[in-house]
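Chains as they are written, first to last, in the numbering used here: chain A, 1 to 268; chain B, 1 to 379.
Worth flagging that the hints you see were computed from the coordinates, not collected in a lab.
Check before you lean on any hint, since a few could be wrong.
[Unchecked claim] The list that follows gives simulated cross-link-like pairs (lysine to aspartate or glutamate, DMTMM-like), each with its CA atoms no further than 25 Å apart: (1) Lys144/A / Glu77/A; (2) Lys144/A / Glu93/B; (3) Lys242/B / Glu115/A; (4) Lys36/A / Asp74/A; (5) Lys144/A / Glu115/A; (6) Lys36/A / Asp346/B.
[As the list claims (entries may be wrong)] Covered stretches of chain B (in silico footprint by chain A; criterion: 3 or more residues with CB under 8 Å from a CB of chain A, positions within the stretch not fixed): (7) 29-38; (8) 56-67; (9) 96-105.
Heads up, the beta-carbon is just placed ideally off N, CA and C, and yes, glycines get one too.
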Amino acid sequence: MSIAVHTETPVIEVSHVSTRFGPTVVHQEVSLTVMKGEVFAIAGGNGCGKSTLLREIIGLLTPAAGSISLLGADSRELQHTDGGSLHRRFGVMFQHGALFSSMTLAENVAVPLREHTSLSAGLIRDIVALKIALVGLPPDSGVKFPRELSGGMRRRAALARAIVMDPELLFLDEPTAGLDPMIAAGFDDLVLDLKRLLGLTVVMVTHDLDSLWRIVDRVAVLGEGHVLGMGTMEQLAASEDPAIRNYFHGPRGRAAQLNHSGRASHRD
Amino acid sequence: MDLPHTTETRGQAAAVTFVEGRTLRCRGSWTMSDVGPVERALRVMEWPAGGALRFEGSGIQALDTGGAVVLSQAVMEARRRGCEVTVEGLQSEHAQLMNLVSVHWDAMMAHVAARPKGTARLQSIIRNVISRFLCGLEFIGETAMAFLRVCSSPGHLRWRSALNSLRLDGVNALPITGLLTFLIGVVIAYQGAEQLRKFGTNIFIVDLVGISLLREIAPLIAAILIAGRSGSAYAAHIGTMKVTEELDALRTFGLSPTELLVLPRMLALVVALPLLTVYADVLGVFGGMLIAANQLNVSFTAFLSRFEEAVALRHFLIGVGKAPFFAVIIALVGCYQGFQIRGGVDDVGRHTTMSVVQSIFLVIIFDALCSIMLNWWDL
Chain A
1 MSIAVHTETP VIEVSHVSTR FGPTVVHQEV SLTVMKGEVF AIAGGNGCGK STLLREIIGL
61 LTPAAGSISL LGADSRELQH TDGGSLHRRF GVMFQHGALF SSMTLAENVA VPLREHTSLS
121 AGLIRDIVAL KIALVGLPPD SGVKFPRELS GGMRRRAALA RAIVMDPELL FLDEPTAGLD
181 PMIAAGFDDL VLDLKRLLGL TVVMVTHDLD SLWRIVDRVA VLGEGHVLGM GTMEQLAASE
241 DPAIRNYFHG PRGRAAQLNH SGRASHRD
Chain B
1 MDLPHTTETR GQAAAVTFVE GRTLRCRGSW TMSDVGPVER ALRVMEWPAG GALRFEGSGI
61 QALDTGGAVV LSQAVMEARR RGCEVTVEGL QSEHAQLMNL VSVHWDAMMA HVAARPKGTA
121 RLQSIIRNVI SRFLCGLEFI GETAMAFLRV CSSPGHLRWR SALNSLRLDG VNALPITGLL
181 TFLIGVVIAY QGAEQLRKFG TNIFIVDLVG ISLLREIAPL IAAILIAGRS GSAYAAHIGT
241 MKVTEELDAL RTFGLSPTEL LVLPRMLALV VALPLLTVYA DVLGVFGGML IAANQLNVSF
301 TAFLSRFEEA VALRHFLIGV GKAPFFAVII ALVGCYQGFQ IRGGVDDVGR HTTMSVVQSI
361 FLVIIFDALC SIMLNWWDL
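Can you build the whole structure from these sequences, using the hints too?
Right, dumping it as structure tokens:
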């Protein structure tokens, strides 16, 4: 559970975004706002366009209509690779890590520093070491190649690479998918810690109901091309919308909620 | 917490100055984009030997982890020189960040210290070479066993897959192989024509073109083309199947990837490459024939009648006879490299390249050995 410390400054404003892939309509008039300092989740069933929306926010895709503003700039600017100053203000952790397989882990983490700063090699090495230590990887992992790491370690390494520039905004695409419950919970804690320590705003795409209950401040549920609902988990759990109810009140949703309220009362 | 990173919020450049000998005043924006000069300045700083030293941090406008690392390094360095260091005046969030760095300092140093040792690297290289050699032997053995199994019960061979491979690697390679050997025939005839005309021995163009093409060049060109076309495709295909765990899926059904993927391709190539070689022979000689008629006034009929007496059948047989061996080399190397792919995407590219380079290398080595042996036996 996080103490919401968000100010009322929007860092991401998605307004009236529509997306089409050929005849398939993915989004219709989707609008949402992410405030500075919050952990915001985009949830929804498989194929509802969560990852597509994320890719549009970070400028990898252009929506068919509507506009997206990211840290006060139009996210379409990101398609010019020289939008450097904007690129270094956010970090992205892709679903499968997307670590460069021809580089060691430490080299992977160092890429943004090498490309965007003029720091000395020694200092880059130290900052990289700090970030690898922050995400809790063991000391000998820096010299390993991605293929020599387990899935969980690769995820951590990708997170280290995403936060190496101290971004204001951190995007996580399904950060806990495919991790065992212990590691997934550890990952949630890690995201919260980093958020607190580095003052991040976190936007994540996730299916993980436990994460949604534990670390997320606000959730937007996508479905049928629209934002079905947006708010805190408590608000959404109390929603009457059948689609949202199905999503949060399936057997797993109830278990996660029980688990969460049990833990919360235990803590009190 | 406010962490300016951008040019818009970039303040005064980071700076350090000594005031009153015992106080180091830190000012400006200590962020990754601006802290570089200060880091260099601090590295050559002359620290007072011992005594109290005060870091005055109230002038720091912005601090991120990069700046915090630089500041922590300076503090550590001064401590190492025996100074009693105090850091004062930091804004509370900056102090938190410094705290974060100091909490993780030991872990960080452990990361920095972790480098592979030279001997360990050498050992792993030697182990790699040995294991690769053993893997190669194992692969050849496995394929041979699968081949024997198929020989004893031919129903086990995937005929459909073999025929498909025959079409993809044989029939579809006809245009490019034909065109290339035709052009090679033309080139050899042109080069020979110059020399032969000088001596007035025009008719020997037949010997030149016929023997060199039939015996060496056509089989080699066909083999090299197939190595580039099919060997690489085998490596990439099998490698991708390995990356996507399709090979493991096959094994769980009790199917042998060697029998399913390697044997049909190998047998298809063993059939296709000799046929391609014959086809290449015909087009290459035809190319030579055209130039002979054009440049040396050797008519088609004269060329063909000379061809019959000058070019012994054994040249043709030696050329075509080498082709199945080339085919086995190409198929084995291509498939073997495919099975060797372990990691992700860049491995696929690397092993595909290696399959082409190695199979062409081995084909030429084998060809050279053949030439030497056949020379001993006066063939």
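These are the hints, each one checked on the structure:
no. : hint                : in the structure
1   : Lys144/A / Glu77/A  : 35 Å, violated
2   : Lys144/A / Glu93/B  : 34 Å, violated
3   : Lys242/B / Glu115/A : 34 Å, violated
4   : Lys36/A / Asp74/A   : 17 Å, holds
5   : Lys144/A / Glu115/A : 21 Å, holds
6   : Lys36/A / Asp346/B  : 38 Å, violated
7   : 29-38               : holds (count 5)
8   : 56-67               : holds (count 3)
9   : 96-105              : holds (count 5)
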